[in-house]
Amino acid sequence: MVFGRSKRGAGTASPAEPVTLKILVAGGFGVGKTTLVGAVSEIKPLRTEETLTEAGRPVDDTAGVEAKTTTTVAMDFGRITINDGLVLYLFGTPGQDRFWFLWDELAQGALGAVVLVDTRRLEDSFAGIDYFERRRIPFTVAVNHFDDAELYPAEAIRDALDLDAEVPVMVCDARRRESVRDVLVSVVEHALRRATPASQEAEPRPASAR
Amino acid sequence: MTDRWFDDAAGPVVRPYAMTRGRTRSSSDEARLDLIALVIAQSADGEGDAKPGESGIGAGHGVGHAVGDTDGGGFHHNADLHADSTLAPEHIDIVTSCRRSPQSVAELAAELDLPVGVVRVLIGDLIDADWVRVSRPVPPAELPDESILREVIDGLRAL
Numbered sequence: 001m002v003f004g005r006s007k008r009g010a011g012t013a014s015p016a017e018p019v020t021l022k023i024l025v026a027g028g029f030g031v032g033k034t035t036l037v038g039a040v041s042e043i044k045p046l047r048t049e050e051t052l053t054e055a056g057r058p059v060d061d062t063a064g065v066e067a068k069t070t071t072t073v074a075m076d077f078g079r080i081t082i083n084d085g086l087v088l089y090l091f092g093t094p095g096q097d098r099f100w101f102l103w104d105e106l107a108q109g110a111l112g113a114v115v116l117v118d119t120r121r122l123e124d125s126f127a128g129i130d131y132f133e134r135r136r137i138p139f140t141v142a143v144n145h146f147d148d149a150e151l152y153p154a155e156a157i158r159d160a161l162d163l164d165a166e167v168p169v170m171v172c173d174a175r176r177r178e179s180v181r182d183v184l185v186s187v188v189e190h191a192l193r194r195a196t197p198a199s200q201e202a203e204p205r206p207a208s209a210r
Numbered sequence: 211m212t213d214r215w216f217d218d219a220a221g222p223v224v225r226p227y228a229m230t231r232g233r234t235r236s237s238s239d240e241a242r243l244d245l246i247a248l249v250i251a252q253s254a255d256g257e258g259d260a261k262p263g264e265s266g267i268g269a270g271h272g273v274g275h276a277v278g279d280t281d282g283g284g285f286h287h288n289a290d291l292h293a294d295s296t297l298a299p300e301h302i303d304i305v306t307s308c309r310r311s312p313q314s315v316a317e318l319a320a321e322l323d324l325p326v327g328v329v330r331v332l333i334g335d336l337i338d339a340d341w342v343r344v345s346r347p348v349p350p351a352e353l354p355d356e357s358i359l360r361e362v363i364d365g366l367r368a369l
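Residue numbers (the working numbering), protein chains in the order written: chain A, 1 to 210; chain B, 211 to 369.
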């Protein structure tokens, strides 16, 4: 127990301190999340590990597994310094559904998300879409176009994924910086529209008590 | 992208917690440190570039930080840190790194190649001993305000 310790500077944000923001990158295994992060990050994407603790044990834990089971999950992340006062972090979320606990941690305070989709495995993106829809986290669906995949119009993909009209859908190339940049801009614009419901003609759930 | 993320690694996972003496939570977790919370080295005079010479602050609590007196302007880099026998090498690495520039929790974990949980505990120790402080990112459930979002959009477009 620590009481009465002196914490200088606590609570007083210095203007020199950058605000940090995060955008999540979700999508199925092998859809190109790491590639996408690497395409825009100013640092070589880093990897952190999180340990699966008992509190965070996934629901689908197999019966009979001892309570002390631990698991590591790696997350790739990158950084974009917008200016002296603003730093944006991108986190690639683990593909497997069993790592929901990590998503919760990552999603907290997230500005928005990208759900990266491979049209050949559309269903891999369902979990991410559901997750962000339910939590009202603004997200953009970005179709990572693989050379050997058929190119579908964005509207066909919107229908196939049953997305709300407000969700931006775009085709991208996760290897290309400008392409990824456009996807990120779309996410933030989406967040901005949410933040300013007045400019939005059909806000499904008008700002209720927060 | 890999699915070597788990299982194989399940053995060594627990070992890193040896350096936290088995603690999986920090004593100072008012709130869990967010991955993008910035860890900033404390300095003797205001924020910014930290200087050695934080004598006596936070002494006697937490990790029992009892910094010897390096007061005045001990400018030997990190000599003060090394003088503190309660600090593990990893603590020192964290402070040293944050003295160069504020680092996010995620970056520190990656840099030290330690699980985030371990790094959180270590940072908690350092907060208790007043070596570092943490700036919280925009609080959850509260979207950054419009002007920040516009700034982000402009910044991204300029990439």
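Hints in this document: simulated from the structure, not taken from any laboratory. Be aware that a few hints might be false.
Stated by the list, open to error - Examples of chain B residues lying across from chain A (beta carbon under 10 Å, computed): (1) 298; (2) 299; (3) 303; (4) 312; (5) 359.
What the hints assert, rightly or not - Not close to chain A: a few residues of chain B, all C-beta gaps over 12 Å, as computed: (6) 288; (7) 292; (8) 293.
No residue lacks a Cβ here, since even glycine has one placed at the ideal position from N, Cα and C.
A quick look at each hint next to the structure:
no.: 1; hint: 298; in the structure: violated (18 Å)
no.: 2; hint: 299; in the structure: violated (19 Å)
no.: 3; hint: 303; in the structure: violated (15 Å)
no.: 4; hint: 312; in the structure: holds (7 Å)
no.: 5; hint: 359; in the structure: holds (4 Å)
no.: 6; hint: 288; in the structure: holds (20 Å)
no.: 7; hint: 292; in the structure: holds (22 Å)
no.: 8; hint: 293; in the structure: holds (20 Å)
Checked against the numbered hints given earlier, the structure breaks hints 1, 2, 3 and satisfies all the rest.
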